[in-house]
Amino acid sequence: MSHGSLQPPFFVSLATMASWAILFIMGHVRDLWRARYSSTKKGYAPVRQNYEDFYTRRMYYRIHDCWNRPICSAPDAHIQVMERTPVSGQKALTLTGRVKECLNLGSYNYLGFAAADEYCTPRVLDTMSSLGWAMCSSRMDAGTTPVHLELEKMVAEFVGKEAALTFGMGFATNSVILPALVGKGCLIISDSLNHASIVTGARGSGAKVKVFAHNDVEHLEVVLRRAIAEGQPRIHRPWKKILIVVEGIYSMEGEMANLAGIVALKKKYKAYLYLDEAHSIGALGRAGKGACEAQGVSPKDIDVMMGTFTKSFGSCGGYIAADRELIQHLKHWAPGHLYATSLAPPAAQQILSAIRLLRGEDGSDRGARKLAQLRQNSDYFRGRLLDMGCNVLGDWGSPVMPLMIFNPGKIAALSRLCWERGVALVVVGFPATPLQTARARICISAAHTRKDLDKALEVLDEVTDVTLTKYLPRKPLMNGVKMNGLVH
Amino acid sequence: MPHASEMMAVNTLKEICVRAVFLYIVLSCSAEALKPAKEPAEARLPQHVNATFLVRSVTEEVSYLAKQGAAYAAQGVAHVQRVGIIQATRDAWDVFRPGGQLHPQYLLEHKWNFIFEGVLLLVIAYMFLQHSGPKKKADKPLTEREIDELCDDWQPEPLFSHLTEAQKAYEPPVVSSPPGVIMTVNGKKAINMVSTNFLGVAGDPKIQAACRKTVEKYGIGSCGPRGFYGTIDVHLTLEERLAKFMGTEESIIYSYDLATVPSVLPAFANAKDVIVCDESVSYPIQNGCALSRAAIKKFRHNDMADLERTLQAIDREHRRLKKPLNRRFIVVEGIYAQSGHLAPLDEICKLKEKYKYRLVVDESLALGVLGQHGRGACEHWGLRPGDAEVVSASMGNALASVGGFCAGDREIVDHQRLSGLGYCFSASLPPFLATAAVGALDVLESQAAALLPALADNARLLRSRLAEVSGIQVEGGSREAVSPIVHVRLAEQSKGSAEAEAALQQVVSAALRKSGVLLSVNRMSKLDAVKGGPSIRMVVTAAHTEKHILKAVAALDAAVQSLTKPAGRGSHS
Numbered sequence: 001m002s003h004g005s006l007q008p009p010f011f012v013s014l015a016t017m018a019s020w021a022i023l024f025i026m027g028h029v030r031d032l033w034r035a036r037y038s039s040t041k042k043g044y045a046p047v048r049q050n051y052e053d054f055y056t057r058r059m060y061y062r063i064h065d066c067w068n069r070p071i072c073s074a075p076d077a078h079i080q081v082m083e084r085t086p087v088s089g090q091k092a093l094t095l096t097g098r099v100k101e102c103l104n105l106g107s108y109n110y111l112g113f114a115a116a117d118e119y120c121t122p123r124v125l126d127t128m129s130s131l132g133w134a135m136c137s138s139r140m141d142a143g144t145t146p147v148h149l150e151l152e153k154m155v156a157e158f159v160g161k162e163a164a165l166t167f168g169m170g171f172a173t174n175s176v177i178l179p180a181l182v183g184k185g186c187l188i189i190s191d192s193l194n195h196a197s198i199v200t201g202a203r204g205s206g207a208k209v210k211v212f213a214h215n216d217v218e219h220l221e222v223v224l225r226r227a228i229a230e231g232q233p234r235i236h237r238p239w240k241k242i243l244i245v246v247e248g249i250y251s252m253e254g255e256m257a258n259l260a261g262i263v264a265l266k267k268k269y270k271a272y273l274y275l276d277e278a279h280s281i282g283a284l285g286r287a288g289k290g291a292c293e294a295q296g297v298s299p300k301d302i303d304v305m306m307g308t309f310t311k312s313f314g315s316c317g318g319y320i321a322a323d324r325e326l327i328q329h330l331k332h333w334a335p336g337h338l339y340a341t342s343l344a345p346p347a348a349q350q351i352l353s354a355i356r357l358l359r360g361e362d363g364s365d366r367g368a369r370k371l372a373q374l375r376q377n378s379d380y381f382r383g384r385l386l387d388m389g390c391n392v393l394g395d396w397g398s399p400v401m402p403l404m405i406f407n408p409g410k411i412a413a414l415s416r417l418c419w420e421r422g423v424a425l426v427v428v429g430f431p432a433t434p435l436q437t438a439r440a441r442i443c444i445s446a447a448h449t450r451k452d453l454d455k456a457l458e459v460l461d462e463v464t465d466v467t468l469t470k471y472l473p474r475k476p477l478m479n480g481v482k483m484n485g486l487v488h
Numbered sequence: 001m002p003h004a005s006e007m008m009a010v011n012t013l014k015e016i017c018v019r020a021v022f023l024y025i026v027l028s029c030s031a032e033a034l035k036p037a038k039e040p041a042e043a044r045l046p047q048h049v050n051a052t053f054l055v056r057s058v059t060e061e062v063s064y065l066a067k068q069g070a071a072y073a074a075q076g077v078a079h080v081q082r083v084g085i086i087q088a089t090r091d092a093w094d095v096f097r098p099g100g101q102l103h104p105q106y107l108l109e110h111k112w113n114f115i116f117e118g119v120l121l122l123v124i125a126y127m128f129l130q131h132s133g134p135k136k137k138a139d140k141p142l143t144e145r146e147i148d149e150l151c152d153d154w155q156p157e158p159l160f161s162h163l164t165e166a167q168k169a170y171e172p173p174v175v176s177s178p179p180g181v182i183m184t185v186n187g188k189k190a191i192n193m194v195s196t197n198f199l200g201v202a203g204d205p206k207i208q209a210a211c212r213k214t215v216e217k218y219g220i221g222s223c224g225p226r227g228f229y230g231t232i233d234v235h236l237t238l239e240e241r242l243a244k245f246m247g248t249e250e251s252i253i254y255s256y257d258l259a260t261v262p263s264v265l266p267a268f269a270n271a272k273d274v275i276v277c278d279e280s281v282s283y284p285i286q287n288g289c290a291l292s293r294a295a296i297k298k299f300r301h302n303d304m305a306d307l308e309r310t311l312q313a314i315d316r317e318h319r320r321l322k323k324p325l326n327r328r329f330i331v332v333e334g335i336y337a338q339s340g341h342l343a344p345l346d347e348i349c350k351l352k353e354k355y356k357y358r359l360v361v362d363e364s365l366a367l368g369v370l371g372q373h374g375r376g377a378c379e380h381w382g383l384r385p386g387d388a389e390v391v392s393a394s395m396g397n398a399l400a401s402v403g404g405f406c407a408g409d410r411e412i413v414d415h416q417r418l419s420g421l422g423y424c425f426s427a428s429l430p431p432f433l434a435t436a437a438v439g440a441l442d443v444l445e446s447q448a449a450a451l452l453p454a455l456a457d458n459a460r461l462l463r464s465r466l467a468e469v470s471g472i473q474v475e476g477g478s479r480e481a482v483s484p485i486v487h488v489r490l491a492e493q494s495k496g497s498a499e500a501e502a503a504l505q506q507v508v509s510a511a512l513r514k515s516g517v518l519l520s521v522n523r524m525s526k527l528d529a530v531k532g533g534p535s536i537r538m539v540v541t542a543a544h545t546e547k548h549i550l551k552a553v554a555a556l557d558a559a560v561q562s563l564t565k566p567a568g569r570g571s572h573s
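Which chain is which? The protein sequence lines are S and D, in order.
Each residue of the first sequence is one higher than the one before, starting from 1 at the first, in the UniProt record's numbering.
Each residue of the second sequence is one higher than the one before, starting from 1 at the first, in the UniProt record's numbering.
Some hints could be false.
Claimed, not checked - The following label-pair restraints were derived from C-beta to C-beta distances:
#: 1; chain 1: D; residue 1: R384; chain 2: S; residue 2: G27; range: 48 to 54 Å
#: 2; chain 1: D; residue 1: I296; chain 2: S; residue 2: L32; range: 35 to 41 Å
#: 3; chain 1: D; residue 1: R300; chain 2: S; residue 2: K41; range: 27 to 33 Å
#: 4; chain 1: S; residue 1: T449; chain 2: D; residue 2: A498; range: 20 to 26 Å
#: 5; chain 1: D; residue 1: L325; chain 2: S; residue 2: R237; range: 47 to 53 Å
What the hints assert, rightly or not - Quick list of in silico lysine to any residue cross-link-like pairs, SDA-like style, CA-CA up to 25 Å:
#: 6; chain 1: S; residue 1: K41; chain 2: D; residue 2: H318
#: 7; chain 1: S; residue 1: K184; chain 2: D; residue 2: D152
#: 8; chain 1: S; residue 1: K42; chain 2: D; residue 2: N270
Claimed, not checked - Sample of chain S residues facing chain D (criterion: CB under 8 Å; computed from the structure):
#: 9; residue: F11
#: 10; residue: A15
#: 11; residue: A18
#: 12; residue: R48
Keep in mind the hints are simulated off the structure, nothing from the lab.
Please read these numbers as outputs of a predicted model, since none were measured by experiment.
Glycine residues also receive a C-beta, built at the ideal position from the N, C-alpha and C atoms.
Isolated chain D (complex conformation):
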């Protein structure tokens, strides 16, 4: 295969030749057109044309032309010196103007004109042949035996990756009670600082009674997708209730949180569109972006100046390429799962209005947590329903069920009913889980005024107490005071994620063993693009009391201190 620079050179040369040919043709034609009528030219071909004659004649002609050219050039220089530049220009025009001595017409009327034309024709023909690219030497196709050998040689990598010993050894805690504040973990009671049961509705007897009734009436599974008799009246009720709660026209439920955003984004964005997202969005959003095949631009985590720069850059690029108007989305999370940070939605909303973007907010961790009514981060930042065009959330957190939903205008939701892959091609949510979500919504609607401030107070308390613990770093600043997800890292955490994970796991195990407090290490999949390293994730709910929180912080403190100073104590004794 020719080298790239060679190809460039060939292309440039080709272009020059083509231009020369066209220039020549244009000039010749114009000369022909301007030529005054005259008697038919005498036969131009000599009578005895043979190869030797032609070669000799052409050589003679070329040397003659060269000599003439040199003579003309010398004459020209002398002429300019003699009469001055203005007069010389006039004289030159006399020579080159139509009818002049050196007009291209001269070439046409010259007796060897046919040779020029022939050469030009050859050049054109050559270029036509060249047009399909440089000729490749076709390799001989592989023989069956060669393919057999290649197949024998080929050795695949194993399907699994090698894990560290600590990873192999890790067994998640086994829970044998509902995920309340006090939970049975590995057979013992422990304070639960892991489950995202923000409102404390999991295990609620009233909801449980409703779920039991649903199971008795409808069984467990729905045995079909929504389109094929898998739509059960409780689904319709839940969709209606969610839409009413979120203040949108409609809502659509998905049967799994990890399938919600990956179905929503590809339904609206395709290869021509643009998605701008925060660099530390959770895995489902990353997956949704990748599946949509849209152009993905990331901005620095919660950095509004960088977001604006990104939007401007996209705008400039779009104008420069004069592309048709496309769909543009900004995708953020209300509360980021991987850091517990809040997205500054008020500023994001201004930017999206300014640059004509649609806003997609994943409220998974903010629903039932933030805002006066618990509608999520949008409400917290004073956005009206509809300011964020697409709002999606998991039902596995505050609603203490399973699945996810998306709320928006009729247009947004209706489109997903045919284009949301996880909606069309999956069995619908088990009816009892829809009942559970409706029950949680009942609680949220009736007790928001009591539960939400309690939750916010608990979050503030946990964060303020953690700030006093030495040897750890707590994610989040003043904006995150009300965020009930707290990521904690060791102050001197090793860079390698495997070692850091092992150290954090030691802390978590010690807290459970010695103090009966369940914490968890936020482990990340290798498929996840978010950087930041592992952390300990603490979750506080409305049902925690001050005592629980103080005990949990004390347990963490003790575990961290025993991890960082075991050698010191040992050497003194």
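This is chain S alone, in the form it adopts within the complex:
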């Protein structure tokens, strides 16, 4: 086993629960003293219910300096972070006016397209001159430009499907497309760790949702068989359609879906497969074509391929790639195509140029080098973290690596210590993760140099020592050396 575990060791689990218990009790004790004044007008229920607000009031505000840190530079390998006043009660943090340069381990800038690029930026600026920056219209009315059409053709070709459709936001691509695919009388079988956008889309679709254990193909089969045999609840009619929804790389775990197993099941049981490649497109595979390429699965076997342009391509928006008929259906059904402002043309041009670069259409091997660099960086960093004894989740090759913290008290400690040492780290806790499994999420970029990575490792080594977050035994530089060498 080359990676860590989501399960905390027994005593860590005990300590974590104790921490939560103390926070909970102290929160309620403080609530007793909380001034009982209420700004709510008479006859109105408070706009934030007491219980909804408890977490924010008593836990989040203690450490809210760890999130929403504003920056004043491109989200590249190094960022300029704007310093804020320290936490003081529940007051909003104000900017001090000072700026600190940090090494960025947080942004989804996998291929290093976040900053101005010698190939992409001039093209983006050209597009801005000729088409402006936004179309003030939906794609169906007057928001379609030649750049959009070219981009959709390119995306379809890149991921290996017949046609594609683009939208202005990745989150909304999931949340508005799922209702256009399935509805009442249909079933969505969703991985238990799917992203909030998928959960939102499934909820908005009116379809019934069943969940299978994370990445557990056997359990998926059990759920599928039972669902087909039993039919719809209460009325016992057969399901109209069954859609399995999985992600290429799970954003909070860094793990890849077992595509081969899922595709085999989907074929056996005639279900449809929806693959969300938000984090894997451009980051996995030798040519950056995502999870299918990395696992040797044909894109033909995946009915709906969804992805976002926010991460690897350094832009915004999302796409759906599928058979021509399905895309045509979506053009008349998807609210994102009919009602929403179309993807900003400069953003579309950025994606187009980035894909061209990856395909080597600029006449250089810069794209291929970026992809290779990302893989090398990711595996080097992951190997070294594991050697140090950090509990890191995820698969080799994945640029997303969660470093397990478990204890809520250590969230702020880790984040603040790293910040003091000039490393911008993303920490995640409840409610984005379950209570017990707070973590730091590191996103590696092709823009990181070896020196950057070594500095980050040095800081993390020290900080995880101080906070006692090395949950695995330290190994003698094995993975690191391996990764340094020829493997992968």
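Go by the hints and put chain D onto chain S.
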């Protein structure tokens, strides 16, 4: 499974039995308590108890009791006849009072008392067993082979729906210039009556220069959600400027218009709450309502009497069920996207104050259009900032950018920073689009006095000219005179939406081909609950001149006439 009415009957029977048992027990106990002290009762059990004996004795006893009962009844009737009703009542009390001959105590002291008690115990035991519902016969679980067969049999529907030929054939126009009044459509110049660039700021060289600078400094994407180093200083500037412009404490930006309201509503309303919304609100609001899982009540489009009835009905229902105080919202649009109508916010505001609702207004099409400063419909109707607790709007229209925002009190906005799904779980708005929105706000703040009256005049002109065209119906009355979104339908439009869409598309294509005027058919998703059928949507901006508008109306007129009278002309020639 038992039938529902059977279940009801069983339940009623059960209830009667339980009541009888309790009555009996209560009466027995009270009798016992009232009983005067007396010598211990002699052993009640006969010496030789066996089954035959018991059956025989019980039969005898029952027939005896029946006979006795009949005799008593006859006696009673005769007695009443003899002494009159008052005396008979007194005599009856003498018999039934504690210590009387027919008091339940009699049953207790009777020698077969134990049989009664036993039967009652059995009844109680039976009811305990029945409590968990009627016994189901457990079906044998399916065997693996049966499941395999079921799986083989199952045939799913295709993932896509079948479209009409006209829908399949439709290709949206390809635009290769900024969305100004004159726009390059499919390679030719055309008058743009589609883009909602109300203030004409799209393509503005000053804003463009600022956007270019932003791209050079920050790149295109923000590569992360706001929480994780995706907050860039331009976002903070834009939020501050929007709050100042709207006159609220704070504002929060979302990176997509279609994700704004669907994030805002579920942040505040859950299953216990109530959302009252107009029946023709746009899709994002419908989606937001559905996602919140609140109870959704719809009132007839812009019908204030129906709104009040709805509010009263909710109030009555709430009182009747004695539910705890919940959050209640009225959700409307400043200008309705699907009709171009204005919501009468002055009356809605009075009603929401009266019935203690919070008001959510989607100002997507009204921002930068209505009101003295362009703050939207709330300002137009004389509401103060804060009268509508939650104001949200798209930045894709007058602000000529992409995304949306929500403005309100600190409490309203702060809550969304942790609970707004589209805010927490999505990458933030690309910085250059924030710069573009700030640039548009600059224009709006400095030139509102010139731009907004021009826009209103253009809207009036377009509407008055369209009123003169025959063969069409124009949505909106006097209240909508200033609404720059005009929905036009054919006077004899077919009911089927597919045919109507095809006919309207013919009009739109003809206008573009023959006169160089770009119009659009307002197509609706099947997911959209708004009824009304397709229409042609015309948008007028502050940058249009009288000439443009007259030409557009003439083009529409010509296209409509050629659609409705092609056969007539053909037959004469």
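Outcome of the hint check:
1. D:R384 with S:G27: 48 to 54 Å: Violated, at about 37 Å.
2. D:I296 with S:L32: 35 to 41 Å: 37 Å, holds
3. D:R300 with S:K41: 27 to 33 Å: Since the Cβ atoms of D:R300 and S:K41 sit about 28 Å apart, the hinted range of 27 to 33 Å holds.
4. S:T449 with D:A498: 20 to 26 Å: Taking Cβ atoms as reference, S:T449 and D:A498 lie about 59 Å apart, which means the hint is violated.
5. D:L325 with S:R237: 47 to 53 Å: 41 Å, violated
6. S:K41 with D:H318: Given that 25 Å is the threshold and the Cα spacing comes to 19 Å, the pair holds.
7. S:K184 with D:D152: Judged against 25 Å, a Cα distance of about 23 Å means the pair holds.
8. S:K42 with D:N270: Roughly 21 Å separates the two Cα atoms, so the pair holds.
9. F11: At 30 Å from the nearest chain D Cβ, S:F11 fails the 8 Å test, so the hint is violated.
10. A15: Given a least distance of 26 Å, the restraint on S:A15 is violated.
11. A18: 25 Å, violated
12. R48: Check passed: Cβ of S:R48 comes within 5 Å of chain D, closer than 8 Å.
Hints 1, 4, 5, 9, 10, 11 from the earlier list are contradicted by this structure; the remaining hints agree with it.
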